[in-house]
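Enquirer: Chain residues, written in single-letter form:
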Amino acid sequence: MAIVYEKPHALSDLELHYCPGCTHGIIHKLVAQAIDALDIEGITIGVAPVGCAVMAYDYFNCDMAEAAHGRAPAMATGIKRSLPDRIVFTYQGDGDLASIGMAETVHAATRGENITVIFVNNAIYGMTGGQMAPTSLPGQVTQTSPYGRDVKTAGYPVRVCEMLATLDGPEYIERVAVNSVKNINNAKRAIEKAFRNQVEGKGFSLIEVVSACPTNWGLSPQEALKWIDDKMIPYYPLGVYKDRTAAAAKEA
Amino acid sequence: MAEKVLMKGNEAIAEAAIRSGCRHYFGYPITPQTELAAYMAKMMPKIGGTFLQAESEIAAINMVYGVAGTGKRVMTSSSSPGVSLKQEGISYIAGSDLPALIINVQRGGPGLGGIQPSQSDYFQATKGGGHGDYHLIVLAPASVQEMADLTALAFDLADKYRMPAMILADGTIGQMMEPVTLENIEYKPVEKPWAITGTEGKRKHNIINSLYLNPEMLEKKNLERFERYKTVEENEVRFESFMMDDAEIGLVAYGIAARVAKNAVTALRAEGIKAGLIRPVTLWPFPKKAVLEASDKVKAFVSVELSMGQMIEDIKLAENSKKPVVLCSRVGGMIPTPEQIIETVKNLEGGMD
Numbered sequence: 009m010a011i012v013y014e015k016p017h018a019l020s021d022l023e024l025h026y027c028p029g030c031t032h033g034i035i036h037k038l039v040a041q042a043i044d045a046l047d048i049e050g051i052t053i054g055v056a057p058v059g060c061a062v063m064a065y066d067y068f069n070c071d072m073a074e075a076a077h078g079r080a081p082a083m084a085t086g087i088k089r090s091l092p093d094r095i096v097f098t099y100q101g102d103g104d105l106a107s108i109g110m111a112e113t114v115h116a117a118t119r120g121e122n123i124t125v126i127f128v129n130n131a132i133y134g135m136t137g138g139q140m141a142p143t144s145l146p147g148q149v150t151q152t153s154p155y156g157r158d159v160k161t162a163g164y165p166v167r168v169c170e171m172l173a174t175l176d177g178p179e180y181i182e183r184v185a186v187n188s189v190k191n192i193n194n195a196k197r198a199i200e201k202a203f204r205n206q207v208e209g210k211g212f213s214l215i216e217v218v219s220a221c222p223t224n225w226g227l228s229p230q231e232a233l234k235w236i237d238d239k240m241i242p243y244y245p246l247g248v249y250k251d252r253t254a255a256a257a258k259e260a
Numbered sequence: 010m011a012e013k014v015l016m017k018g019n020e021a022i023a024e025a026a027i028r029s030g031c032r033h034y035f036g037y038p039i040t041p042q043t044e045l046a047a048y049m050a051k052m053m054p055k056i057g058g059t060f061l062q063a064e065s066e067i068a069a070i071n072m073v074y075g076v077a078g079t080g081k082r083v084m085t086s087s088s089s090p091g092v093s094l095k096q097e098g099i100s101y102i103a104g105s106d107l108p109a110l111i112i113n114v115q116r117g118g119p120g121l122g123g124i125q126p127s128q129s130d131y132f133q134a135t136k137g138g139g140h141g142d143y144h145l146i147v148l149a150p151a152s153v154q155e156m157a158d159l160t161a162l163a164f165d166l167a168d169k170y171r172m173p174a175m176i177l178a179d180g181t182i183g184q185m186m187e188p189v190t191l192e193n194i195e196y197k198p199v200e201k202p203w204a205i206t207g208t209e210g211k212r213k214h215n216i217i218n219s220l221y222l223n224p225e226m227l228e229k230k231n232l233e234r235f236e237r238y239k240t241v242e243e244n245e246v247r248f249e250s251f252m253m254d255d256a257e258i259g260l261v262a263y264g265i266a267a268r269v270a271k272n273a274v275t276a277l278r279a280e281g282i283k284a285g286l287i288r289p290v291t292l293w294p295f296p297k298k299a300v301l302e303a304s305d306k307v308k309a310f311v312s313v314e315l316s317m318g319q320m321i322e323d324i325k326l327a328e329n330s331k332k333p334v335v336l337c338s339r340v341g342g343m344i345p346t347p348e349q350i351i352e353t354v355k356n357l358e359g360g361m362d
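Keeping their order, the protein sequence lines are chains G and U.
For the first sequence, the numbering used here assigns the number 9 to the initial residue and increments by one for each residue that follows.
For the second sequence, the numbering used here assigns the number 10 to the initial residue and increments by one for each residue that follows.
Some clues are possibly wrong.
[Stated by the list, open to error] Facing chain G, from chain U, some residues (calculated, C-beta under 7 Å):
hint : residue
1    : Ile-56
2    : Gly-58
3    : Thr-59
4    : Met-72
5    : Gly-78
6    : Tyr-101
7    : Gln-154
8    : Ile-216
9    : Leu-220
10   : Tyr-221
11   : Ala-299
12   : Met-343
13   : Thr-346
14   : Ile-351
By construction, these hints were calculated from the structure, which means they are not laboratory data.
What you are looking at is a predicted structure, and each value in this text was computed from that prediction instead of being measured.
No residue lacks a Cβ here, since even glycine has one placed at the ideal position from N, Cα and C.
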């Protein structure tokens, strides 16, 4: 009998703690598949965030570290500088990466730190029970924006890819989504590329994954996937925001 | 005889760290520790090490956290306001049982304070500093030579006990120049099977972590850590005793304050007043036993500090309120003179007779 599907080796056998309909599971799998595809599990070190993915250190079979909230890119910088021949990735949510850890994110990017950042944007703080995130949409109802995010008082969401793409440091910046088979396949390609870039020594790669949080959005899993299409993607357009190698090839 | 070179205290720390096998330095500019970072910036690229000027002290200490997780010797340096920013990372490093070295070349506070020498971060350094129950090994150099020697010792102790260590210096010791020899420093690498270095498919994954959602497990981790701290308290107390044998007044001082206090002791002795000095070299673990034993002999203690009275609490705890303890201090970047200490002792003597 032919094997048509297998759990990636880089993913541990533990049961994930995520809510029904949460897309973290899919993104974990895509990261593990990239590690398998490049055969780098034994030389990879991952850095987990503070947020829903805080226990990601148990879910990957490679060596792992658990960073302070928002500091994963700084911790990853230390690990990579210490072990330049190792593959180092961070896995962070929107509060972690784009709020409390914004300085660490921007500076790791502008230094062109040769690491891979997986940025899960679900427009809300999940772990703490659904507070407004730096990426919550205008008008979005959360526990701390109960009347909807009022941009007059709470300001506007941050578009991380667009912002980081203005820097000279990063090698690769792309935004993908995981709400359809087509989008998941594209996310798989992007995440693998972000790891391959590091293997090839090209520098900082960040993949933003637009993700669903049915529990805190107050939607069913199916409605949440549709909400990504209807609300998230119009504000956070998918696509490649920076590809230094491709740009250089085009120029040449 | 070993060759001596003239160095600033801050530079002596940097050179001693390099000779101790430290190849990773992360910092952020702040006065008065500047020479340390500058020395590292000059030297590290030449010896295949890392010098990285981080975007903040917070980032710097978390870079330290990352390197510490990989098992390599690593350090950061700063001064008081910057060390406050590092406290989050220090708590994580302690909570993950990792060795690392943090340098605090203290300046006056609170807030932005000033840039002149101070010892007002004693509480922060010796009681943990960040959130949670933990300690750092805290070493207090009183000369440029000790800046070097204690840096080497700090790396060794941090590795031995898997805990962060701190050099608690001050602007004076950091800035002043003295002859120093560095030839006695040698790097003794320690096996670190817990480090995150990549499994290479040969072992189960290692995890560097301070999170334990199960309260029983978190309690167990804390208890284990404090068992280790007990061993440190039993084995690693270091202090200098100066003319304490027949002392009737026991001065207690560390760092720059101890140098002034030593001069005061000599002057008092010349006048026939039996003063002595206990100079803690380890502030944590504090030389409790030395203070307690002295309390049988002395009439009183004087805590000489560049703070409003922080170490004085540890003296009182150590001697169990058996004898009076008075404070002799200047703050805000001011340093007490020997005369001020002499006067304090004489007033004390007068009050006792």
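Enquirer: All hints, please: hold or fail.
Expert: Hints versus structure:
no.	hint	result
1	Ile-56	violated, 14 Å
2	Gly-58	violated, 9 Å
3	Thr-59	holds, 5 Å
4	Met-72	holds, 4 Å
5	Gly-78	holds, 5 Å
6	Tyr-101	holds, 5 Å
7	Gln-154	violated, 30 Å
8	Ile-216	holds, 5 Å
9	Leu-220	holds, 6 Å
10	Tyr-221	violated, 11 Å
11	Ala-299	violated, 37 Å
12	Met-343	violated, 35 Å
13	Thr-346	violated, 44 Å
14	Ile-351	violated, 48 Å
In the structure shown, a violation is registered for the earlier hints numbered 1, 2, 7, 10, 11, 12, 13, 14, in ascending order.
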